[in-house]
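*Asks:* Given next are the chains, with one letter for each unit.
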Amino acid sequence: MVGIIGYGVYIPRYRIKTEKIAAVWGEDGEKLAKGLGVFEKSVPGPDEDVATISVEAARNAVKRAQIDPTNIGAIYVGSESHPYAVKPTGTMVSEAIGCSPHITCADFEFACKAGTAAIQVCMGLVKSKMIKIGLAIGSDTAQGRPGDALEYSAAAGGVAILVGNKNVVATIEHTSSFTTDTPDFWRREGQAFPSHGARFTGEPAYFRHVGEGARALFKTTNTTVDDYDYFVFHSPNGKFPVAMGRQLGVPKEKLEDSLVVRQIGNTYSGSAMMGLANVLDIADPGSKIFMVAYGSGAGSDSFAIRVEDEIVKRRGEVPTVQDYIERKTYINYATYAKYRRKFKALG
Amino acid sequence: MAEKGVAQLWRKIKAIYTIQGDHCTTCDTYYFPPRVVCPQCRRKGQLEKYTFKGLGKIHTFAIVRQAPDTFKRQIPYIVAQVELDEGARLTAQIVNCDIEDVHIDMRVRSCFRKITEYGESGIIIYGYKFEPTMKVTGHE
Ligand SMILES: [Zn+2]
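In order, the protein sequence lines correspond to chains B and S. All the letters of the first sequence, read from the start, carry residue numbers 1 to 347 under the numbering used here. All the letters of the second sequence, read from the start, carry residue numbers 1001 to 1140 under the numbering used here.
No lab work stands behind these hints, which were simulated from the structure alone. None of these values were measured; they are calculated from a predicted model. There could be a bad hint or two in this list.
[Said to hold, decoys possible] Simulated crosslink set (DSSO-like; lysine-lysine; CA at most 30 Å straight-line):
| no. | chain 1 | residue 1 | chain 2 | residue 2 |
| --- | --- | --- | --- | --- |
| 1 | B | K87 | S | K1053 |
| 2 | B | K63 | S | K1049 |
| 3 | S | K1012 | B | K63 |
| 4 | B | K132 | S | K1014 |
| 5 | S | K1053 | B | K313 |
| 6 | B | K17 | B | K252 |
| 7 | B | K338 | S | K1135 |
| 8 | B | K328 | S | K1053 |
| 9 | S | K1044 | S | K1014 |
| 10 | S | K1072 | B | K17 |
| 11 | S | K1135 | B | K254 |
| 12 | S | K1135 | B | K313 |
| 13 | S | K1014 | S | K1057 |
| 14 | S | K1057 | B | K328 |
| 15 | B | K87 | B | K338 |
| 16 | B | K328 | S | K1114 |
| 17 | B | K17 | S | K1135 |
| 18 | B | K63 | S | K1135 |
| 19 | S | K1053 | B | K63 |
| 20 | B | K87 | S | K1012 |
| 21 | S | K1135 | B | K328 |
| 22 | B | K20 | S | K1135 |
| 23 | S | K1057 | B | K63 |
| 24 | B | K63 | B | K127 |
| 25 | B | K166 | S | K1135 |
| 26 | B | K87 | S | K1114 |
| 27 | S | K1114 | B | K63 |
| 28 | B | K20 | S | K1114 |
| 29 | S | K1049 | B | K87 |
| 30 | S | K1014 | B | K63 |
| 31 | S | K1114 | B | K17 |
| 32 | S | K1053 | B | K166 |
| 33 | S | K1014 | B | K87 |
| 34 | B | K338 | S | K1072 |
| 35 | B | K328 | S | K1072 |
| 36 | S | K1072 | B | K20 |
| 37 | S | K1072 | B | K87 |
| 38 | B | K338 | S | K1114 |
| 39 | S | K1053 | B | K132 |
| 40 | B | K288 | S | K1135 |
Just chain B, with the same shape it has in the complex (with noise of 0.2 Å):
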């Protein structure tokens, strides 16, 4: 069956504490780290941008799967902070890994599940078999605008994931969608911060799009809560995914493992597949996953995941996502500002 038969994930080693950010706009950090659930978020250096962390990403998939990145067919990288605006970041990908130039690619948007539905397009190239194994790719630099709320929130890092139907490491039982026209968020083209309905962003939005994914998923697989260890939502704070726990009827135990959100913020495409890597980087074989991502426009992505016992061959090869929220090193807001090109004199 086809499933995850490698992933890998990047997240850049700078951090800025909320409260730092709190600081600079004589907000109270700790009470606003608590109630965004966000206590840091991860920042990428001067020199790193959705291409170079996708790259990270996608060599540590390729040598956890342990396969010839030739026979990848297909690259998918999902992102709404592409450094071209006409160029894809699958390109230099694909260069890069050392795929071979007898491939698809294409560039995917779809704010935060650009990435999921890039698994799902290789899903269905694995399953029709017009290629052997796809490369999906979720990855952002996000920026908030100065001052504004997801200045707080927005966040780096990529995740990587082969799909492919040999030495499954976890199979994807299931997999179904709800999309609608809601206007939550958007960047129009020329811009350089994203624009949002600020309190339109929860119940009509994100909760509606994952409630009524996460509910039709329950019923085409016909399963319960009951029926699965860990659960993934989309994390655009550590707020949202919890209260959707609760409308769901998810126990906290089983939520706990996805909300990396926590450490280093909502890395947008990277988020849910984040969450998800982080599950299955301590994830027993025979564990059933549930998990909902989320993009503004909007839409969500519901998979049905089992962990199969390959996954155990495949570890310690490759860093962890504790690893890499591990490895950070901290930084001041002029640091930050300077690094994510918020003094425009300095090019």
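Fit chain S with the ligand to the given chain B structure using the hints.
*Replies:* The following block gives chain S with the ligand in isolation, referenced to the frame of chain B:
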């Protein structure tokens, strides 16, 4: 608008993305950047393409505190001569390392980074830099 340097860069992409050089099977020497002929064996040399594993150690280094405009956001930064495990040496920036922690013989591995970009509308040049090897849970 036509860009200067695009063709020149394009020819080097394979080499600088994956650290691809040559291996001379006659004298068993590894070269980077790629050579046209083996400088030792000359006409007797047999060169074949070789992608380096990307592991090595710092042979020597310098801290850069005065930099051109395009590198200003990164100062102070480390530039080192890295000796790859296969024997070849190359010059590269060391990232993910504080300047007080860098030292000769430090184990490093290659990573993929943005090297420079030709202004806001020009091409972005990517390639190798090096970083200290990191912890991998479960790896002996
Ligand atoms: Zn020779």
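*Asks:* When the hints from earlier in the document are held up against this structure, which numbers fail?
*Replies:* Nothing - there is no hint that the structure violates, so all of them hold.
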